[in-house]
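Visitor: Spelled out, the chains give:
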Amino acid sequence: MQQSLIQALGIIDCSILKRVGKDQFEVLHSNTDWFSELLPESKGKTEFTFSNESAYLQDFLVDAEEFWQIGNAGQIQSGIWSEQTHERVLRLEAIAAVANGERFLVISNLQQEYERQQKTLQVARELLLSNDKILAQHEYVHERLDSLLNETQSLQDMQAPIQQAIDNANFGVMIVDSSLKPVNQNPMAFELFELSPQDASKHPLDIVLTLFEKQFPEFDRVFATASHWNGEIFWHKPPHTSKWLQLAVYPVLDEHKSVKHWLFIVSDITRLKYLLQTNEKLTLYDGITNLPNRQFFWQTLEQKIKANKPLYVLYLDVKHFKRVNELYGHLAGDEILVQIASRLTPLLGQDDLLARVGGDEFAIIFSQAESPSDCKELASRLISSIEIPFFTDNQQKCLVGLNIGAAHFPRDASNAEDLMKFADLAVYEAKKRAKSTIKFYSLELKEASRKRLELEAALREAIENNQFELFLQPMLDLDTGSVIKAEALIRWHLPGGGIACPDDFIPVAEQSGLIVPIGKWVIARACEMLSILQQHHNTLKLSVNLSPRQVSDRYLFDFIQSAVELSEINPNLLELELTEGVLVDNYDKVQLLLDEVRNLGISVSIDDFGTGYSSLSYLKNLPIDHLKIDRSFVQDLDTDENDKAIVLAVIAMAHSLKLGVIAEGVETEQQREFLKLNHCDTAQGYLFSKPIPFDEFCEKLDSKKNTDW
Amino acid sequence: MIQKKVCLLGATGVGKTSLVKQFVEGIFSEKYLTSIGVKVDKRIVDLASEQVQLMLWDIEGIDRYCGFQPKYLRGASAYIIVTDQTRSQSLIEGLEIHHQCREVTDVPAILAINKSDLDVAWHWSENELNGYSQEFEKCFTTSAKTGQQVNSMFEFIAELLYY
Ligand SMILES: Nc1nc2c(ncn2[C@@H]2O[C@H](COP(=O)(O)OP(=O)(O)OP(=O)(O)O)[C@@H](O)[C@H]2O)c(=O)[nH]1
Ligand SMILES: [Mg+2]
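Line by line, the protein sequences give chains A and B. Counting with our numbering, you get residues 1 to 709 for the letters of the first sequence. Counting with our numbering, you get residues 1 to 163 for the letters of the second sequence.
Don't read these hints as lab results, they were simulated from the structure. Some hints could be false.
[Claimed, not checked] Not close to chain A: a few residues of chain B, all C-beta gaps over 12 Å, as computed:
1) ALA48
2) ILE92
3) ASP106
4) THR141
[Unchecked claim] Calculated lysine-lysine pairs in the BS3-like style (CA-CA distance at most 30 Å, straight line):
5) LYS119(A) with LYS21(B)
6) LYS22(A) with LYS4(B)
7) LYS119(A) with LYS138(B)
8) LYS214(A) with LYS22(A)
9) LYS31(B) with LYS243(A)
10) LYS260(A) with LYS181(A)
11) LYS446(A) with LYS435(A)
12) LYS119(A) with LYS71(B)
[What the hints assert, rightly or not] Here are the computed distance ranges between Cβ atoms for each label pair:
13) GLN134(B) with PRO372(A): 50 to 60 Å
14) ASN394(A) with LEU118(B): 24 to 34 Å
15) GLN134(B) with LYS43(A): 16 to 26 Å
16) PHE234(A) with GLN134(B): 40 to 50 Å
17) GLY147(B) with PHE559(A): 52 to 62 Å
18) GLN69(A) with THR146(B): 41 to 51 Å
Remember, predicted model here, so these are calculated numbers, not experimental data. Yeah, the Cβ is synthetic: ideal placement off N, Cα and C, and Gly gets one too.
Assemble the whole structure, with the sequences as input and the hints as a guide.
Guide: Okay, here's the thing in structure tokens:
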């Protein structure tokens with residue numbers, strides 16, 4: 001190689017060596033300046049033997065040697081390293097190459113590249129660290145206050161050390177009651193907004209609420225649905241003051257899942273933002289995925305709206321992402337985000353924009369839709385791409401899903417803010433489905449969401465004012481015809497009169513988490529009933545239903561145990577009913593729970609059997625006592641051959657697994673006959689009795705002497 | 001004289017470079033300059049009758065910008081997982097890195113809880129910390145600033161590797 005040519009071109013600052021033997025090199029080209037500092041043994045020679053002075057290079061030569069031995073054309077790189085010579089620190093990278101059958105070692109001086117990389121990474125990493133610290137502080141204060149506010153009735157009881165910690169915190173803490181009236185605002189909260197605690201005319205809280213409402217369309221939704229929120233708000237006080245603030249909003253719930261307090265935590269991140277602004281790449285792009293960030297997204301959305309071209313805004317929320325972070329750590333979480341971004345990007349057209357707008361939230365401006373069905377089609381492609389399993393660096397498998405909310409410009413809204421607000425509302429609607437799905441914003445959706453909120457509020461009142469009642473529906477032994485069990489079914493006495501059935505309100509209770517307190521009430525009430533029943537009918541069992549959300553509540557077992565003890569009933573008389581779906585979705589939790597209840601002596605039946613996808617192995621491995629054949633199969637038993645076959649199969653399978661079989665929804669004599677003939681053990685349905693109030697049930701039980709309803 | 005390779009690993013900004021600087025040159029700087037790639041420093045440790053040369057591999061902080069590279073562990077006789085007691089997340093990340101290392105090597109691992117001169121700002125209880133330390137050969141509470149436990153940590157490692 002022409003030394004003069006390389007120098008003349010001055011492309012890179014490198015030295016080129018040819019391998020002539022193990023650890024022996026011929027110098028083809030060298031930048032004498034640093035090369036002899038790095039390898040003094042080469043000084044004044046054209047051929048030299050490597051002396052192992054540089055530990056990093058020595059290590060790389062192991063790989064290089066292997067590569068040279070194989071001898072295929074190509075190259076491998078050492079990765080950048082720093083070498084301390086007598087005079088200075090060199091930033092280097094080595095490349096081992098094979099070309100035309102010859103073996104080369106190229107060492108480049110990457111001083112400039114190093115400085116450039118370091119400059120960018122320096123900013124990025126300082127940001128990362130400060131952000132990490134702020135978020136950790138917020139989380140910590142939240143956790144402590146949460147448990148504290150839950151334990152004590154009023155803030156007056158707040159322990160001195162915590163009060164002191166809040167007073168001395170270097171970030172603003174505001175505790176407000178459920179109607180957003182301030183209860184406690186620490187000195188830093190005032191200081192951040194240059195207010196004085198003595199001046200009662202203006203509170204930091206007012207400012208925060210105003211900014212939050214103005215700058216984030218999800219404001220109403222956060223409060224209406226008692227959601228946690230985290231984001232950055234901008235405060236400007238004329239003429240010269242402006243600050244960027246990191247705001248975290250947390251609802252503090254009581255045991256009835258009602259909001260008792262709200263906690264606001266605010267930190268000044270102006271310096272971080274300033275750092276960011278020195279680096280445009282970091283201002284408009286998200287550091288993890290390299291996608292445009294929220295700011296970029298808003299700018300683009302506003303431009304497109306100005307241009308007056310129809311478009312859809314899609315708001316994407318990654319399902320179960322929190323679980324990935326919890327199970328595998330943040331690094332793995334970040335990695336999955338990157339993979340998600342790279343799967344979504346190719347599905348979009350040139351005119352579309354994909355951005356990362358929040359922790360596990362993405363947003364898309366979709367410009368080429370002619371009709372909602374185009375949008376639906378895109379959504380289903382997005383969802384399918386995300387539902388393929390992800391793998392972390394160390395090959396752990398993660399499954400996530402996608403909730404998508406869509407709003408259309410100009411049909412649904414004419415400005416960016418409303419569009420985002422409506423898409424957010426739609427995604428919130430989509431979140432309630434167990435499966436990944438897309439929801440379009442519509443007036444009906446708005447109406448439905450308003451109705452749901454009302455229903456939720458009414459349910460909260462119902463819990464507090466005890467508006468529930470348990471009805472019982474008897475189950476009969478098909479052989480003897482006597483009542484051996486009853487299912488407890490909840491009814492809600494509406495304040496305006498009338499009774500609501502579970503189907504009307506349990507879904508909302510389930511979504512809002514209110515099912516947990518309601519479910520506890522059911523269990524406690526059922527135990528009470530049993531303690532009365534067992535005085536006369538000491539073998540009659542009661543079964544109660546458990547919902548998916550209840551099963552996820554880790555205190556459920558403790559509660560059941562204490563309810564059984566408190567009412568002094570025989571645990572053998574209590575039965576829990578779970579649907580097949582719960583088994584499949586929550587297998588590990590369910591297994592633990594069922595093992596525990598089994599130890600206590602409580603029995604378990606699987607509800608709606610045949611409608612889900614539980615595999616045989618679940619049934620074999622879980623401590624289950626009965627299967628309940630879903631009413632949909634029983635209904636058409638007289639006419640539908642398929643249903644007949646299914647029912648027979650379930651009975652046969654259950655018996656081979658030594659499980660009992662209960663048929664629900666039995667309405668005709670023929671059905672009863674068929675079931676009895678085919679050895680179904682137990683039956684329940686209108687043929688015998690509809691669900692009736694407890695007193696009526698007891699009366700009937702006594703008058704009929706427990707035979708033949 | 002025998003030579004031993006020891007890697008310093010951990011999240012960004014926990015003080016890997018500072019620990020090496022304190023040990024090798026006896027100096028500390030408040031200014032944070034993030035590392036790119038690897039830098040190897042050497043120092044001879046005098047044991048009772050012998051000397052060991054430690055080759056300290058200061059490796060770029062592992063975070064979203066730079067992943068874990070198992071190849072750097074090749075030939076290492078021990079590694080140190082450095083954490084920062086002012087940053088909770090650094091322990092979680094440190095443990096994660098430790099587990100990744102365990103997939104490629106079973107040489108002794110040391111836990112360094114650094115920045116001991118600053119107030120503790122993580123919320124791990126004694127119990128939790130003791131639990132985590134169990135996964136390591138030994139745990140040191142260090143300060144690259146005051147030098148607390150810095151020499152003793154490296155001397156412990158030299159001794160451990162020599163005998
Ligand atoms: N007070 C105090 N500061 C420290 C200590 N160790 C490191 N620092 C500071 O923490 C910052 C980061 O230190 P570095 O040694 O560069 O951290 P690092 O782990 O090498 O960081 P990366 O190379 O980016 O991964 C610097 O500002 C140091 O001054 C310590 O023991 N006490
Ligand atoms: Mg460093």
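Visitor: Does each hint hold? Answer for all of them.
Guide: Each hint tested on the structure:
no.	hint	result
1	ALA48	holds (26 Å)
2	ILE92	violated (6 Å)
3	ASP106	holds (16 Å)
4	THR141	holds (20 Å)
5	LYS119(A) with LYS21(B)	holds (21 Å)
6	LYS22(A) with LYS4(B)	holds (23 Å)
7	LYS119(A) with LYS138(B)	violated (36 Å)
8	LYS214(A) with LYS22(A)	violated (70 Å)
9	LYS31(B) with LYS243(A)	holds (25 Å)
10	LYS260(A) with LYS181(A)	holds (12 Å)
11	LYS446(A) with LYS435(A)	holds (21 Å)
12	LYS119(A) with LYS71(B)	holds (26 Å)
13	GLN134(B) with PRO372(A): 50 to 60 Å	holds (57 Å)
14	ASN394(A) with LEU118(B): 24 to 34 Å	holds (32 Å)
15	GLN134(B) with LYS43(A): 16 to 26 Å	violated (52 Å)
16	PHE234(A) with GLN134(B): 40 to 50 Å	holds (47 Å)
17	GLY147(B) with PHE559(A): 52 to 62 Å	holds (54 Å)
18	GLN69(A) with THR146(B): 41 to 51 Å	holds (49 Å)
The structure fails hints 2, 7, 8, 15 (numbered hints given earlier, in ascending order).
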